[in-house]
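*Asks:* Here is what each chain is made of, one letter per residue.
4 protein chains.
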Amino acid sequence: MTLKLVIVGGGSSYTPEIIEGIIRRHDSFPVTEIVLVDVEMGKEKLEIIGKLALRMIEKANQSIKLSWTLDREKALENADFVSTQIRVGGLDSRAKDEQIPLSHGFIGQETNGAGGIFKAFRTIPVLMELAEDVHRICPDAWIINFTNPAGIVTEALLKHSAHKKVIGVCNIPYNMRHSTAEMLDAAPEDVKIEFVGMNHFVFGKKVYVKGIDRTADVLQKLVDGLDYSPANIVNLGWTKEFIDSLKLLPNPYHQYYFQTKDVLEKDLKAYEEHGIRAEVVQGLEESLFAIYKNPELREKPKELEKRGGAFYSEVACSLMDSIYNNREDIQTVNTLNNGAIPDLPDDAVIEVNCVITKHGPRPLTVGPLPHTVKGIIYQMKAFEELVIRASITGDYNDAYAAFVMNPLIADEKRSKAMLDELLEAHKTYLPQFFNSRGN
Amino acid sequence: MTLKLVIVGGGSSYTPEIIEGIIRRHDSFPVTEIVLVDVEMGKEKLEIIGKLALRMIEKANQSIKLSWTLDREKALENADFVSTQIRVGGLDSRAKDEQIPLSHGFIGQETNGAGGIFKAFRTIPVLMELAEDVHRICPDAWIINFTNPAGIVTEALLKHSAHKKVIGVCNIPYNMRHSTAEMLDAAPEDVKIEFVGMNHFVFGKKVYVKGIDRTADVLQKLVDGLDYSPANIVNLGWTKEFIDSLKLLPNPYHQYYFQTKDVLEKDLKAYEEHGIRAEVVQGLEESLFAIYKNPELREKPKELEKRGGAFYSEVACSLMDSIYNNREDIQTVNTLNNGAIPDLPDDAVIEVNCVITKHGPRPLTVGPLPHTVKGIIYQMKAFEELVIRASITGDYNDAYAAFVMNPLIADEKRSKAMLDELLEAHKTYLPQFFNSRGN
Amino acid sequence: MTLKLVIVGGGSSYTPEIIEGIIRRHDSFPVTEIVLVDVEMGKEKLEIIGKLALRMIEKANQSIKLSWTLDREKALENADFVSTQIRVGGLDSRAKDEQIPLSHGFIGQETNGAGGIFKAFRTIPVLMELAEDVHRICPDAWIINFTNPAGIVTEALLKHSAHKKVIGVCNIPYNMRHSTAEMLDAAPEDVKIEFVGMNHFVFGKKVYVKGIDRTADVLQKLVDGLDYSPANIVNLGWTKEFIDSLKLLPNPYHQYYFQTKDVLEKDLKAYEEHGIRAEVVQGLEESLFAIYKNPELREKPKELEKRGGAFYSEVACSLMDSIYNNREDIQTVNTLNNGAIPDLPDDAVIEVNCVITKHGPRPLTVGPLPHTVKGIIYQMKAFEELVIRASITGDYNDAYAAFVMNPLIADEKRSKAMLDELLEAHKTYLPQFFNSRGN
Amino acid sequence: MTLKLVIVGGGSSYTPEIIEGIIRRHDSFPVTEIVLVDVEMGKEKLEIIGKLALRMIEKANQSIKLSWTLDREKALENADFVSTQIRVGGLDSRAKDEQIPLSHGFIGQETNGAGGIFKAFRTIPVLMELAEDVHRICPDAWIINFTNPAGIVTEALLKHSAHKKVIGVCNIPYNMRHSTAEMLDAAPEDVKIEFVGMNHFVFGKKVYVKGIDRTADVLQKLVDGLDYSPANIVNLGWTKEFIDSLKLLPNPYHQYYFQTKDVLEKDLKAYEEHGIRAEVVQGLEESLFAIYKNPELREKPKELEKRGGAFYSEVACSLMDSIYNNREDIQTVNTLNNGAIPDLPDDAVIEVNCVITKHGPRPLTVGPLPHTVKGIIYQMKAFEELVIRASITGDYNDAYAAFVMNPLIADEKRSKAMLDELLEAHKTYLPQFFNSRGN
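Protein chains in written order, with UniProt numbering: chain V, 1 to 439; chain E, 1 to 439; chain R, 1 to 439; chain S, 1 to 439.
Certain hints may be false.
Pairs count within a copy or across copies, as identical chains cannot be separated in the list.
What the hints assert, rightly or not - PhoX-like mimics (lysine-lysine), calculated; alpha carbons at most 20 Å apart, straight line:
hint, residue 1, residue 2
1, Lys413, Lys221
2, Lys358, Lys43
3, Lys413, Lys427
4, Lys358, Lys205
5, Lys269, Lys413
6, Lys358, Lys206
7, Lys164, Lys358
8, Lys59, Lys302
9, Lys164, Lys206
10, Lys206, Lys269
Hints in this document: simulated from the structure, not taken from any laboratory.
Here chain V stands alone, though its shape is the one from the complex (with noise of 0.2 Å):
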């Protein structure tokens, strides 16, 4: 019996991470083999990652057949999981998500704002292509979509192509749940938090350690400072009104929407001082294939846990193991909301504790959103509905209403300027932009 694995953006400098991952579980999750994807452009990186993953396997000494290839089709023959981690047009597209807004008064921001939107608009056709392979080439394949914005990304795929077979995942409830778990000193897989939202806009709503509520404590150690952000945006702690009036746990994204002119302020400053982060992070990349290359290395290096996306390895491999073999756990992604949050369109994409199995992600109800985030959660959730719509049409009209319904823009004479600029600095990557209006 085979248990293929295709990595498309396997030339990732993540790529390392979870090829450790398929290594640490090869008894309980027995991937016979492996095929790292890339596009011309990544060729050369993903050779790197290539022999790197080759020296792991041959240290672990396991009987993991892995291969790289720019052939897409070809690689998805016969694959189990497929999962993905791309970045179109890569860091050079992403600094300017983050430059050309912060140099028209925005937030920019790779996930968030206007730098989000193009992000999507990037992806989504491309992944959307890699879809209608998967459903045509091995339609019984999970795709596991790592690739940012990983929730409207996977709503966007859920809705607008064949496959149904896919689930998004992020690193941020895993960093919630373990942080949590460290501030009651707990063990994190007696830790379970009820969270409510989407990707990127998630709430904790409960805290429970070994079933027990744990909430009113973490939101105290919250008003005390401590926070969970990851390495890769900004920590300027909350207020404790702010924790009494909601009683949730905001995550570090959050900040974007109500410090708005702190982050902005503090972007701003950052940028003068030492550039935007597309920079730091292509500075971090460069010394990691530096190296990737050395070929003593056969093992993940220390200095990836610097970059950002800590523990995705972690989700993805628990994720792919339990549907595996069927163990219906409780882990958290992104999926159909199907009823689980009631306030909210069933088709639309949520991130929620859900039982794995093999036959999916099944949703623990959530119940109607808490009356202080609603409007917000929803209102959001119609903008992530605005982006899917203008990634898949290219219309400039509905690329525009994305933008003045994104509550860090907001602002119907300030957007055009700040659009037109961010369509034309992307344009190679834009095709339904570009074809749809005649160019």
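Fit chains E, R and S to the given chain V structure using the hints.
*Replies:* What follows is chains E, R and S alone, placed relative to chain V:
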């Protein structure tokens, strides 16, 4: 540390089963005290059961303190779990529920049609009082409601009592799972059925074995004539056309709704030949208690299995064990919908797969009702709401509405005589109706 | 400026009524051209009606151009309104709809139960074709659908045809308003009934006279035995208890659902004594056409009123007049729910008070379904959806589901024989079923 | 027969307008008695207005009995209509609502942002008391609520007071209809706008002239720079892209939400140059009352039109006339949603076209929210619910939640100082906050 279980209706002939279950699970669910409670009318039976239970515990050599009493309030002190298995008015009342409708030319059945309505009318006020006692005396205790009509009763308590820790259980989903396992030659623990609907009106939507969809096979078996009806109700089989139209697993009680004429004819004939089911049960009960009295008997006797409610104990003990141990396993119970079936009200009680935790059951989303049965399920739920309303208000018009909106009655002209006769027959147990009418 | 009306099924015995209505309203609704269209089978009747209509117009001395034809496409050119009053299969088919179910022990009625389902099966495909023709040839024309089952047919067209300008009409709300006015000794134009439900399953929620709530008075009159049943269906009266429970005005067709046994007994007896209704109607029709032929007849004859569908013309002419003149008055029609009854789907067709404008009917909100009838109304709507689905797919299982989910059938064992006999009997008019089954 | 109108806040400078409206409509709406009511603080103005009103009635030579009083309970006896146009705390309070937010760098406006929230906080408790008085003293009277924020106030009364005959009115829809008529060179009575949303957040979805859809023409006019802003708020125009994206008519208040930065800059500049709007209004008021005092003045002076609220009287008088005469015409008012917009709660108050009857307004269904604005409308409604909750509870956390969830604030760090300053500034009028906090 103590773990106290109170069994309300402890004099029931089912009690030895639950005692056996407790004994068997002692390692993982270490009950330290059991109190059997009953009412004056059941005093003698209570003592017989109590003594048998003591002998069973003694034989098992376990340190469980067991006692019996008519003083409910005292019994509830420090309780962790309160299970209910009462029969207000006893088998005499059941006999009237079966006989009177039949004599009017309608289905006479314990939990369906006019009989089921009156069972609810008698039961809900008594369990409302219990719930208020629990809320006052042992507010952290879970009420595990066995008492039929289990779904309606559970919804009444969750809507109208202050105590919100109430879970309803029934053996039908358990039976369906086990019968299905047998059909498929699979281990019951490997079989999962996705249920949709309410207690005694639940359908099986999908059958999975180790996560693999086997629904089509089970439907074929049903067409081939295999069935899973319990001993206590009719079993007329299903037509190929019905199964092909629905593509769902009906439960045995659906025969009352889709084979009404045949069931009625059969029941009328059986009534003429053997009398009603309640009388048969009465005979069974008498011989059971004769056996229970035997001081040599130190275990649950084989004869108990002839009684209809097999596996109730298994269902209840599994549930309490999983709550106690925060097992997060999946069980099928009656709890608040909360969006699991978006077409039904959030505060409706449905029979649904739940993750069982220390803080209660968390339903898995079911999604929209299947199009073929959405009408009848919605109507049955609306009918149940009418029953609950009338049970609480004691208003004659509310009761009349429940009668004419029940699919097994649905007769605005013939309802009056039947309703009036049932009200008179059960007068002693219906204070809400007779006080409110000024009698 | 022209104003052209096409009457599809122009050979119907009802046509003189609509012609009379058009003549009477000529000042405000100045029709310039009428074309009567019918099928080959109705050619002779069409000519009789055409000639009578010509004489009526001549007598009224109006400049309306009237013609008749079998060429529907030609007739539709430049039409402004298309009214439909067809009977696929004629009275022969109706006779089968009434007789076959009765012979199986079920209600046999033109628009309810198995007969109503088959009327839908025969009618929907024919009107779908008409709607597509209208959409292609005269896309701005309104289809005013008289054809029964009017609600189901209208929903089928609005859901499945490209033409969205379709309104269904029925005389039941009109009758209820006029009978109520009579009960209250008020002018009909001063009476408003708030309706809730669907065609032939509509309830009156509130009765206002000049804006004053008179509901209680009307309910009392109903209890006292006054009623408003049209000539063509039974009239068994309502019990005080039923009216007191519902606090709603039932419509005459509700007798089939809440007095099923009595109606069935009565219909079976009447069938034995006088044959079925369709045969009575056949006789009426023959004598009507004999009268129509009389070249001296230059107006609608009194005898027409004995036919069941009185006031249809009034209802249709008022509607067309208000659309044409953008009157913004309130009329009760069958149109998309769109939230008027939040419990029902937005795309369901309901019978509801609407403001009538040039751009169509705009429903007034009704609010949530009354708690007593919400179950049965929801179920009937879900049943209607099954009928529509089967009408379109021609799938045997879909038809079977409609049968077992109809409250007047609800018998999974006895449905097969009745369904099969009806399919065979109506074979000529059910291409969708026989092609899809490979016959 | 009597017809009595009570004007609460009768000392308002707007009162002469409503008096003029009453006089003008005397034939169809024959008011027999008017009582002007005000509070101690407004005593002097009340007398000036009362005397002017007397002179106006005398000039019109009508038999309307007019009086003024501070005794509200006495005034309410036998009232048929109670109109409210109060300003709790007067223009001084308004000045603080405008000034304090501006000084914190946020929009300072009478009915939007922090200022609007505080206007609600001051007004709701006062009108709750009025509603309870009305319910006790003249339970059949309609409350016609002019008082801003009119939608929020009306929802608060309908949700939390016993009196359910409450309708909110605003001149924005009236203005939009009249301005649109002007744009299209049509008579205002021929123009209908389908509105969607809430008071001060309403969009025009469709514009019909005599039933013909003219929406596209109006949108083009808006792009061309025509607008319909009232005198009292900014008018910055709309970009072509915004109008093209939404395909809806915004209302002038939408500028605060989609041109926040520009409005804020402009307001800050205006504040520096001319002071705040409240001070301008204060000046206008003073000169108005100087004119009103003139014993020769016997009609509404032209100068009143410079005040912002033009047409309020027209709106209110039309509404009362249609209720009184059961006109069944269509007017745009604030009333319970009841499904008109299925996405919003049934008990939300929306601004919607209604048929006006003696038994109240009946909304026409609007249908699902347009996809571009559904998020922001839903959020604004959820925000309004937070404001109402805080107005009733007086809970600091509830107020904080309203602040951070308002799109014009949305700043969890900067909210505290602004909220605290506003609470302190308005302390006298916020007993619910200061009692509940134990001050």
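*Asks:* Next, verify each hint and record whether it holds.
*Replies:* Taking the hints in turn, this is what the structure says about them:
1. Lys413 to Lys221: Answer is between; shortest inter-copy Cα gap is 18 Å, intra-copy 42 Å.
2. Lys358 to Lys43: Result: close neither inside a copy nor across copies, 34 Å intra and 51 Å inter.
3. Lys413 to Lys427: neither (23 Å within a copy, 38 Å between copies)
4. Lys358 to Lys205: between (28 Å within a copy, 17 Å between copies)
5. Lys269 to Lys413: Close across copies (19 Å), not inside one copy (25 Å); limit 20 Å.
6. Lys358 to Lys206: between (27 Å within a copy, 13 Å between copies)
7. Lys164 to Lys358: Answer is within: at 14 Å inside a copy they meet the 20 Å cutoff, but 34 Å across does not.
8. Lys59 to Lys302: within (17 Å within a copy, 60 Å between copies)
9. Lys164 to Lys206: between (30 Å within a copy, 18 Å between copies)
10. Lys206 to Lys269: Result: close neither inside a copy nor across copies, 36 Å intra and 46 Å inter.
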